[in-house]
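Undergrad: Now for the letters of each chain:
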Amino acid sequence: MNAALLTLAALPGWSAVVDALLLKEHNTRVVVLGVTCLGLAAGVAGTFLLLRKRSLTADALAHATLPGVALGFIVMVLAGGSGKSMPGLLVGAFVFGLLGMGWLMAIRRTTRLKDDAALGIVLSVTFGLGMALVKIAETTPGGSAAGLDRFIVGRAASMLEAEAIWLPVAAVVVTLVALLLFKELKLLCFDGAYGATQGWPTGLLDALLMGLVLAVTVIGLQSVGMLLVVALLIVPAAAARFWTQRLGVMVVVAGVIGMVSGYLGAIASALFANAPTGPIIVLLCSVMFGVSLVFGARRGVVVRVARHVRLARRIGRQHLLRALYEMHEGTDGVGHVSRSRLMRARSWSAGQLRRLMVRLVREGLIRRAADGSAALTEQGRVAARRYVRNHRLWEMYLIEHADIAPSHVDRDADAIEHVLGDAMIERLEQLLAQRFPQMALPASPHPIDFVDARETRPADVR
Amino acid sequence: MSVEVQIGVWVAVLGSLCAVACAVPGTLLVLRRQSMMGDAISHTVLPGLAIAFLITHSRDPLPMFIGAVLIGLLTALAVQWVQRLGRMDSGTSMGVVFTTLFALGIVLMSGDLLRSVDLDAKCVLYGNVDAAASSIILKQVAVPRELWTLGGVLAMNALLVGVFYKEFKVSAFDPALADSLGISSRAMHYLLMTMTAITTVAAFEVVGSIIVIAMLIVPAATAYLLTDRFGWMFVWSVVFGVLAVIGGTVAAVTVPTWFGYTATVSAGAMAVAGGLLFVGVWFASPRHGLASKYVHRAAMSLRVLREDVLGLLYRLEEMRVVDHAEGTPRFLRRVLDAGPIASRLALRALERRGLICATAGVYALTDAGRDRARRLVRTHRLWESYLAHHMHIPVDHVHGSAEVLEHVTTDEMQDRLADETAQPMYDPHGKRVPPAGRE
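Chains as they are written, first to last, in this note's numbering: chain A, 1 to 462; chain B, 1 to 439.
Quick caveat, the hints were computed from the structure, so don't treat them as lab data.
Keep in mind that the hints are not guaranteed to be accurate.
If you anchor each label on the Cβ, the simulated ranges turn out as follows [stated by the list, open to error]:
(1) ARG287/B with VAL169/A: 42 to 52 Å
(2) LYS183/A with PRO424/B: 51 to 61 Å
(3) ARG108/A with ARG186/B: 44 to 54 Å
For each residue, glycine too, the CB sits at the ideal point set by N, CA and C.
Start from the sequences, fold in the hints, and give me the full structure.
TA: If you want it as structure tokens, here you go:
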């Protein structure tokens, strides 16, 4: 593996890198501009595609463009041209993309096959047709079809300036159309059925979205290639999803990720002669996806784990306070409870219990004795009393309104009391407070037996 | 046999082996709605080969094979991980994973090291069944390596499905039931993914890693439109797979020559042939085909139209207004809002059955026709009474529903309906409900 990386690492000089980054060379400028705009358009269109859960449709559309490219070439050669005219090839690609889309929709609507099979059929059959036609194009007398390959894996460096100049224009147009239809596409993505009942032409909007996706695909054929342009549509949008819950922000983030990947990828391909542009752009996108997956501010793994740990900690704290309170309920004192007794009350490990206690001692809610036993402080008693009350109110509620047996409510109340929102709890407390005077602590509706929690299990079952 | 024909036969033999080997996992993929997983796995054959080569530094087939299969499995696992970790839909997660691996594969392959051993993206993507067949002929190999590989994979697939037939069946149709019966649908999923990975790796050399998808999905999807039975789906998949291969092999040589070109690649033509078979079955399948659905619907609407004609003529008789101006086909058509062809077909069918007869271009009911018509009108008016009195639907709304229901009401239902509505003399609009028999 090292050997391959070394061959890639035949690094260009520092000044060459700076020149490329600042777009000093005229040749690279056009290409880089084109690919950057492509990244932007793909990010924006891809966001809607992702939210519509149609990501892989783009893959099928991209494969469907191959026969269009080959047929475009053959037709142009037959018409007496060289077959190299880029607009001609791309028009062919667009037309076949539309045909593929039509076929896909027809299979979806009129058969019992599911989406996945429809995609697989369109993708593989059109690509097969494309392969056969490319072979024919290669043997067409009067034209050299050697360049058709670049549409499959993409080679930005091979773009001519005259060809490349209108790609950024097309990409910007796609972006603008997507932004102008922002409200309509938003409705389509989040509640298409509602949109239809409001009289929006959702079928048309869906087709339009697919049209935008197809346009991005066709624009990306030359630089990224048909097998990977789908990544440019999916990956930046998927990465953006981890950062925000708002569509507007997501569109911007996805567009920026696409742009940065396109920009850096195109420059890398200008610096390394062998480096294929498309794959490098895609790998850059994937790196950003990985970073977003882990560190994303909204749905990233780190944030979610932290949220989970906080919740678990809060629940543990409430459980510990409640256990300490209930173990001395009835007696007026705030006596000590031994560690082993506490450990039996819940399925805490020794370490978990110690950490919980340290935290509560720091908050001044409990006192610890030298032998490891603990007792509530006065402040802790107030807090614990609140949690116990909360728990018992819940139990009452479940018994009265949800018809759950008294012997079962303890666990169910446990599951609810920590997770409901404040507004909900307030409402329920109001409901229950009418029945129980303020701050009076209702008695537990079931016997509490902490001492032999484990040993009494079989008796319960019986 | 000429050399060309011999090559063609080998192409068909190798392709058929591929198709049959693919039919087994393909059927399961389509049933489990995971066709695109086949797509994702087959795309990652490329990075699999590159990585295997970079680790072992040899072009020995076995390590390459194992490497590619492992990367294929890793793809399946990674799709699940990313889906769970990122809480995204499976399509997006697949799209992220396979494009990343594929891009990695191409970057690795463009390194000088791999270029030096002539392992390039193009041959992985396209495969080359034609070259394989030619080299078999040229080198006069008795039993070529591809035959062993594909045969072995085919045998393995058949054996696995044979052994786990019931388990696959249950977990394909009802994963929850499978789990409750003690069959781990997760284990079946990964078994299928392993099968898919091994099959795509074995087949890529022959048909390329994208046409493999055509062999996995297209025959199975075609079979799915033709049968509702699990076992038969395998059979039909094999049949369509082999037909597509043979059709493709022949078409690749013949079709381009019609337009003055030389032969094209067989693998591509096989995919196209498979696609055409799919389209054919899509239209013509007796149960799920477009044509049969259309015919069924047309027959239904013709029957409704015939019954409407009878009902209309009866009502006209009731109003005693049948005369030359009104029994004409033109009038009937206008009242019933029917097309010219449909109404002509309906009138002709009624006449042939002796339910109506025409005198000088004006239609009237025969006695038999009047019996049928009376029953229809009776049903209609009974339904109106029922809807108005039992379901409390406003009187001005009952006609439309009764119009629909009268065409699907059996004699038995009509009797029950009359009992339920206490044998009414008049319907809610005040029209007479005709008696069950002749007056």
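Undergrad: Please go over all the hints and tell whether each is borne out by the structure.
TA: How the hints compare with the structure:
1. ARG287/B with VAL169/A: 42 to 52 Å: Holds, at about 51 Å.
2. LYS183/A with PRO424/B: 51 to 61 Å: holds (56 Å)
3. ARG108/A with ARG186/B: 44 to 54 Å: violated (29 Å)
Checked against the numbered hints above, the structure violates only hint 3.
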